[in-house]
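Participant: Going down the list, the sequences are from chains A and B. In the working numbering, each residue's number is its place in the first sequence (first place is 1) plus 410. In the working numbering, each residue's number is its place in the second sequence (first place is 1) plus 168.
Keep in mind that the hints were calculated from the coordinates and are not lab data. Don't be surprised by glycine CBs; every beta carbon is placed ideally from N, CA and C. Do not rely on the hints blindly, as some may be mistaken.
[As the list claims (entries may be wrong)] Label pairs and their computed distance ranges (CB to CB):
hint, chain 1, residue 1, chain 2, residue 2, range
1, B, Arg187, A, Ala706, 25 to 31 Å
2, B, Val179, A, Val470, 22 to 28 Å
3, A, Phe477, B, Ala177, 28 to 34 Å
4, A, Thr472, B, Glu253, 29 to 35 Å
5, B, Arg187, A, Leu505, 47 to 53 Å
6, B, Gly204, A, Thr472, 55 to 61 Å
7, B, Ala217, A, Gly523, 44 to 50 Å
[Stated by the list, open to error] Computed footprint of chain A on chain B; a stretch qualifies when at least three of its residues, placed anywhere within it, have a C-beta under 8 Å from a C-beta of chain A:
hint, segment
8, 183-191
9, 249-259
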Amino acid sequence: MDPLKQLIEEPGALTPRQYARRARQLAALHLALAFGAVTGEGVLFARGKVLVTLAQRSNVETLTLAFFAVFFAYVGLLGLRGAPGALRVVRFALLARIRGREAAERAKHEALGLPRGDGPIAALSVVLERQDSPARPFELAVQDAAGSMGRLRVDGARVQHAPHRRDGSANLLAYFARQVDQVAGRRQGRDVDVVEWGTLDDEATRRFLALAEFGRNLGAALGRDGLWPRVVLTAEDCAELERRLAAICPALRDEGFLPHWEYEAEHKLPIVPEPLGLASLGRTEKRADPLPSLTALALVVALATALLAALILYPPWVPGK
Amino acid sequence: MRRALVILALVVAGAAAVRACAGPRPSVAASWLESGPSGYVAAARIRNAGGDGEIQVNFRLRERATGRTVPAQGTAEVHRGEEVEVRVPVPAPPGDWSLEAQSEYPPR
Numbered sequence: 411m412d413p414l415k416q417l418i419e420e421p422g423a424l425t426p427r428q429y430a431r432r433a434r435q436l437a438a439l440h441l442a443l444a445f446g447a448v449t450g451e452g453v454l455f456a457r458g459k460v461l462v463t464l465a466q467r468s469n470v471e472t473l474t475l476a477f478f479a480v481f482f483a484y485v486g487l488l489g490l491r492g493a494p495g496a497l498r499v500v501r502f503a504l505l506a507r508i509r510g511r512e513a514a515e516r517a518k519h520e521a522l523g524l525p526r527g528d529g530p531i532a533a534l535s536v537v538l539e540r541q542d543s544p545a546r547p548f549e550l551a552v553q554d555a556a557g558s559m560g561r562l563r564v565d566g567a568r569v570q571h572a573p574h575r576r577d578g579s580a581n582l583l584a585y586f587a588r589q590v591d592q593v594a595g596r597r598q599g600r601d602v603d604v605v606e607w608g609t610l611d612d613e614a615t616r617r618f619l620a621l622a623e624f625g626r627n628l629g630a631a632l633g634r635d636g637l638w639p640r641v642v643l644t645a646e647d648c649a650e651l652e653r654r655l656a657a658i659c660p661a662l663r664d665e666g667f668l669p670h671w672e673y674e675a676e677h678k679l680p681i682v683p684e685p686l687g688l689a690s691l692g693r694t695e696k697r698a699d700p701l702p703s704l705t706a707l708a709l710v711v712a713l714a715t716a717l718l719a720a721l722i723l724y725p726p727w728v729p730g731k
Numbered sequence: 169m170r171r172a173l174v175i176l177a178l179v180v181a182g183a184a185a186v187r188a189c190a191g192p193r194p195s196v197a198a199s200w201l202e203s204g205p206s207g208y209v210a211a212a213r214i215r216n217a218g219g220d221g222e223i224q225v226n227f228r229l230r231e232r233a234t235g236r237t238v239p240a241q242g243t244a245e246v247h248r249g250e251e252v253e254v255r256v257p258v259p260a261p262p263g264d265w266s267l268e269a270q271s272e273y274p275p276r
């Protein structure tokens with residue numbers, strides 16, 4: 411798999427350990443963002459006079475500082491939105507040490523509350539079927555000893571996380587696709603991947619799913635089952651998938667406390683910048699996981715704050731009066 | 169290894185360039201008030217721990233009895249590692265004055 415795609419689109423989708431690490435890192439990132447932005451804003455307001463003088467003396471537009479003020483406020487709001495959830499993750503992690511993991515998981519499960527929607531949908535690159543009931547929708551349980559986190563509903567290429575607690579997780583769908591790839595896809599010579607995300611582009615997802623269903627129906631009408639790429643799951647495969655889904659339930663609960671940032675990612679490198687804009691390089695990923703997005707944002711906040719602090723501590727030479 | 173050395177060299181070069189562009193970092197080592205023929209002269213010894221540039225010294229004379237204040241400002245061009253004395257005549261009437269001095273960079 412493309413490492414860049416793995417890094418940006420589906421971090422933590424390969425193993426339960428990665429998935430858990432991703433949830434913990436997300437919680438830490440929300441706190442870091444809120445703290446970093448408040449620090450940056452504090453530096454800006456505490457030593458604003460020095461920065462304004464430096465800006466005016468060095469012919470830098472003073473409004474640049476206003477941009478920083480708005481930027482820190484915006485990022486701070488983003489971070490603060492996730493901070494209460496991140497603190498709850500920390501609280502339950504501490505509870506697990508004090509009262510034991512099972513008790514903490516049960517408390518976490520209760521704290522998440524009832525489901526708030528139908529859950530995210532994604533389209534897979536292949537049609538999934540159970541060997542014992544071909545061409546029929548099927549469900550897989552996402553649950554462990556602490557309780558059910560919902561069910562994965564699979565209907566051909568369509569996969570949906572129907573949550574039993576709070577919101578569904580789009581990253582769970584990415585994790586599921588990677589697990590199907592490992593458990594059955596490779597064995598059958600098929601790459602299983604998410605190709606459309608309902609949370610990002612529901613129209614394109616429906617269009618793709620309609621086409622996949624058409625292909626499946628056409629195959630059935632012609633008596634050729636393999637017309638549309640498909641992966642067949644045995645009962646053992648399904649049991650293994652449910653075991654792997656159960657393994658990430660604790661991380662899924664942690665993730666449930668945090669906001670769901672679902673965006674596309676676009677990276678552009680202008681070779682000849684605007685207003686000419688003769689040449690630029692670009693790369694687009696259909697889905698950017700919150701982990702790389704927030705990491706990039708946290709880095710920018712840290713760099714901006716460090717730059718402002720460095721300008722205050724070590725002011726550059728500027729012309730005299 | 170080679171890449172790490174290149175990155176290290178770039179970081180060192182960047183740090184050297186930034187250091188070369190650094191402005192003064194002034195601090196007041198001592199301040200005192202002198203009596204002159206036409207009033208007072210506020211004086212301060214400024215220690216510069218940074219690079220070259222123009223600094224500003226803000227004086228504030230405060231009359232101990234009434235709390236009345238008379239501000240004054242002076243600027244000076246300083247060089248790296250230098251210690252300079254800045255003197256500014258203050259048009260204050262005779263009295264019991266205390267002196268506060270603050271240095272700042274960049275000058276406002």
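Participant: Next, verify each hint and record whether it holds.
Facilitator: Comparing the hints with the structure gives:
| no. | hint | in the structure |
| --- | --- | --- |
| 1 | B:Arg187 / A:Ala706: 25 to 31 Å | holds, 29 Å |
| 2 | B:Val179 / A:Val470: 22 to 28 Å | holds, 24 Å |
| 3 | A:Phe477 / B:Ala177: 28 to 34 Å | holds, 33 Å |
| 4 | A:Thr472 / B:Glu253: 29 to 35 Å | holds, 34 Å |
| 5 | B:Arg187 / A:Leu505: 47 to 53 Å | holds, 50 Å |
| 6 | B:Gly204 / A:Thr472: 55 to 61 Å | violated, 40 Å |
| 7 | B:Ala217 / A:Gly523: 44 to 50 Å | violated, 57 Å |
| 8 | 183-191 | holds (count 4) |
| 9 | 249-259 | violated (count 0) |
In this structure, the earlier hints numbered 6, 7, 9 are contradicted, and the remaining ones agree with it.
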